[in-house]
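All chains, please: the whole structure from these sequences, using the hints.
Here are the chains, one letter per residue:
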Amino acid sequence: MTDKTLYDKLWQTHLVREESDGTALIYIDRQLLHEVTSPQAFAGLRDAGRKPRRPGANLAVADHNVPTTDRSGEIADPVARLQVDTLTENCREFGITEYGMSDSRQGIVHVVGPEQGATLPGMTVVCGDSHTATHGALGALAYGIGTSEVEHVLVTQCLVAKKMRNMRITIDGVPGSGVSAKDLILAVVGMLGTSGGTGYAIEFAGSGTRALSVEGRMTLCNMAIEAGARVGLVAVDDITLSYLEGRTYAPKGAEWEQAVDGWRQLVSDPAARFDAEFHLDASGLRPQVTWGTSPEMVVSVDGVVPDPTTLDDPIRQQDWIRALEYMGLVAGTPIVEIVLDKVFIGACTNGRIEDLRAAAEVVRGRSVAAGISQALVVPGSGLVKAQAEAEGLDVIFRKAGFEWREPGCSMCLAMNADRLQPQERCAATSNRNFEGRQGYGGRTHLVSPAMAAAAAIQGHFADPQAL
Amino acid sequence: MEPFGKYCSGVIPLDRTNVDTDAIIPKQFLKSVERSGFGDNLFDAWRYLDQGEPGQDCSARPVAPGFVLNQKRYRDARILLARDNFGCGSSREHAVWALRDYGIRTVIAPSFADIFFNNCFKNGLLPVSLPVADIDRLFDLAQGDDGLNLEVDLERQTLTTGEGRVYRFELDEFKQHCLIEGLDDIALTLRYESDILAYEESRRAQMPWLFEDIT
Chain A
1 MTDKTLYDKL
11 WQTHLVREES
21 DGTALIYIDR
31 QLLHEVTSPQ
41 AFAGLRDAGR
51 KPRRPGANLA
61 VADHNVPTTD
71 RSGEIADPVA
81 RLQVDTLTEN
91 CREFGITEYG
101 MSDSRQGIVH
111 VVGPEQGATL
121 PGMTVVCGDS
131 HTATHGALGA
141 LAYGIGTSEV
151 EHVLVTQCLV
161 AKKMRNMRIT
171 IDGVPGSGVS
181 AKDLILAVVG
191 MLGTSGGTGY
201 AIEFAGSGTR
211 ALSVEGRMTL
221 CNMAIEAGAR
231 VGLVAVDDIT
241 LSYLEGRTYA
251 PKGAEWEQAV
261 DGWRQLVSDP
271 AARFDAEFHL
281 DASGLRPQVT
291 WGTSPEMVVS
301 VDGVVPDPTT
311 LDDPIRQQDW
321 IRALEYMGLV
331 AGTPIVEIVL
341 DKVFIGACTN
351 GRIEDLRAAA
361 EVVRGRSVAA
371 GISQALVVPG
381 SGLVKAQAEA
391 EGLDVIFRKA
401 GFEWREPGCS
411 MCLAMNADRL
421 QPQERCAATS
431 NRNFEGRQGY
441 GGRTHLVSPA
451 MAAAAAIQGH
461 FADPQAL
Chain B
1 MEPFGKYCSG
11 VIPLDRTNVD
21 TDAIIPKQFL
31 KSVERSGFGD
41 NLFDAWRYLD
51 QGEPGQDCSA
61 RPVAPGFVLN
71 QKRYRDARIL
81 LARDNFGCGS
91 SREHAVWALR
101 DYGIRTVIAP
111 SFADIFFNNC
121 FKNGLLPVSL
131 PVADIDRLFD
141 LAQGDDGLNL
151 EVDLERQTLT
161 TGEGRVYRFE
171 LDEFKQHCLI
181 EGLDDIALTL
191 RYESDILAYE
201 ESRRAQMPWL
211 FEDIT
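As you go down the protein sequences, you meet chains A and B in turn.
Following the working numbering, the numbering of the first sequence begins with 1 at its first residue and continues without gaps.
Following the working numbering, the numbering of the second sequence begins with 1 at its first residue and continues without gaps.
These aren't lab readings, by the way, just hints derived from the structure by calculation.
Cβ coordinates follow ideal geometry from the N, Cα and C atoms, glycine included.
Some hints could be false.
Covered by chain A, per the in silico footprint, the following chain B stretches (three or more residues, Cβ under 8 Å) [stated by the list, open to error]:
1) 19–32
2) 113–121
3) 147–159
4) 170–180
5) 207–215
Here are the simulated lysine-lysine pairs, DSBU-like style, with alpha carbons at most 30 Å apart [claimed, not checked]:
6) K6(B) to K9(A)
7) K51(A) to K162(A)
8) K163(A) to K72(B)
9) K175(B) to K162(A)
10) K4(A) to K163(A)
11) K175(B) to K4(A)
12) K9(A) to K163(A)
Quick look at the structure:
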């Protein structure tokens, strides 16, 4: 038997059939649904008179549109309200479990899935959302799909797919304090570029990856798509198992023991072949900050805004010039001199308890700078929120001048009321800095929770360690 | 899905790399529960000078005169030409729906993001990858005084210019077949019901926890 990668193993165990040209039908164990990319899929079912094959294989939660302020009334925006209500109606009609807005388990779909043990090692997991790669941190083959594919999975519990190529990114070395999983993945995206991972399943390996908690690994896998890869993966180890044990939908008793035996095999074999390999030395890495309108436009906090005229490629040069213009930045400006208007801590990238702890650590006993008009902390789920409150983190944030909100996607993509005004500049722990992502004309800098906290305190970027 | 037939059209040169799905269709239009009606908001933030909102009458909005879609010469064109990594970012199929609703049936670029690429085939949109040198040449022609007209022939996998220059493109045979015939993926998969059932039974026996219902 030849040695296999983790991805090879996950692919092979889910093959229902495979054609001679490599087109395959693969089985999907779990589908997560949210309100934005599912209504047309349910409508398709209804139009064709079809039913979900396994309603219980799905879990739905509204996250993109939900308000993060008081939820005692209905959603003010009638268009958003219709979409959220439509999810509830569809779930009721088709027998799918939904965590509603008043449910303590509600939150961002990629925080909720692992938290409930609804996504497990060895599963195939899909969702109509590109950040589904997050669940790969548990050794699951997880990726984002379009709405037509959501419908396809509802009806058939399968997807038509071709095998991806294997890439391994080995992160070695212990990062300095103040450097987190977010900094690692921003550096990876900077190294690969936004399309460097296209067509690949990326496995994150190495001592730097192993040392991360499951939460940190989720941050890593979450942004694989920002390097173009639909799939991010981390092999199963003791850290994975202790994260999962006892969670609602994790197996129990004898089944747990049996599952663990199988999950321990979910690692790449020693001589497995990868189509591409990259290395990152974490030990010398500094906190990262994006300066442009693509996640690959990233530098260290002690760097400067780069100069497009140093580039040889005219197309890339034009991209950089346009990005600087949109961002209202001048080449050569030190990153620590960039002054912020708003700060957003949350999202499926960094809305978990560990992220809130890291930010609170920096904020403790300090105050949000006068120039910051709004600093938001949006927990990734109701359970994260409750945990943070039990630890008193909400008090630390509130005392400093942060707003402590209800869970949801919030200002990551500004589909609800949380958004930037034109030209407003934000330090955000989310995953995309595209033009208009956080609001029309808004300017986004992607950073870690510690960096976002430091920026809120100082009013400009600063090394969190220096505080 | 409408079958994809041979057609001729002008080419719109969108000279940008990493065109993301947020740019193709901004988030505020994703609140719709419909599968169509996105065409007027295709590239909304680049195409109009004001901030777009769902349900607006777009004919009354101020347009950005420099943006390609607003240039008279490209008004009836139904082929989009772009640079590397077209369709990156979010999985929103709304991006494909917006292009389709506008009338675009073919997008030509050196490379596409995976999810966008997949979504195209579910909606009768053809993504064509060509080498960078060919893309450069097509940009020169499309931006030139005479513009560029191409004949798209999916059956032969060719793009042909008015002067008879032929660009051949590669495409997965299965995907090509589905596009040409306008086939419904779900109906195709349902033919393999017995395979799916057999798979489920064997997995359930080995790993029952995979089949525990979410309740």
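Verification of the supplied hints:
Three residues within the 8 Å Cβ limit are the bar, and the segment 19–32 of chain B against chain A gives 9, so the coverage statement holds. Beta-carbon proximity to chain A at under 8 Å applies to 5 residues in the segment 113–121 of chain B; the threshold of 3 is reached and the given coverage holds. Restraint check on the segment 147–159 of chain B versus chain A: 0 residues with Cβ-Cβ distances below 8 Å, three needed, restraint violated. Interface restraint, the segment 170–180 of chain B with chain A: holds (3 residues with C-beta to C-beta distance below 8 Å; minimum three).
Coverage of the segment 207–215 of chain B by chain A holds. Counting CB-CB distances below 8 Å, 9 residues qualify, and the rule asks for three or more. Straight-line distance between C-alpha atoms of K6(B) and K9(A) comes to about 41 Å, which puts the hinted pair past the 30 Å bound. Straight-line distance between C-alpha atoms of K51(A) and K162(A) comes to about 26 Å, which keeps the hinted pair within the 30 Å bound. At most 30 Å may separate the alpha-carbon atoms for a hinted pair to count; K163(A) and K72(B) exceed this at roughly 43 Å.
The suggested pairing of K175(B) with K162(A) holds, with an alpha-carbon distance near 11 Å, which does not exceed 30 Å. Between K4(A) and K163(A) the alpha-carbon distance is near 14 Å, which keeps this suggested pair within the 30 Å criterion. For the hint linking K175(B) to K4(A), the alpha-carbon distance of about 28 Å falls within 30 Å, and the restraint holds. Distance restraint check for K9(A) and K163(A): the Cα-Cα separation of roughly 12 Å lies within the 30 Å cut-off, and the hinted pair is therefore satisfied.
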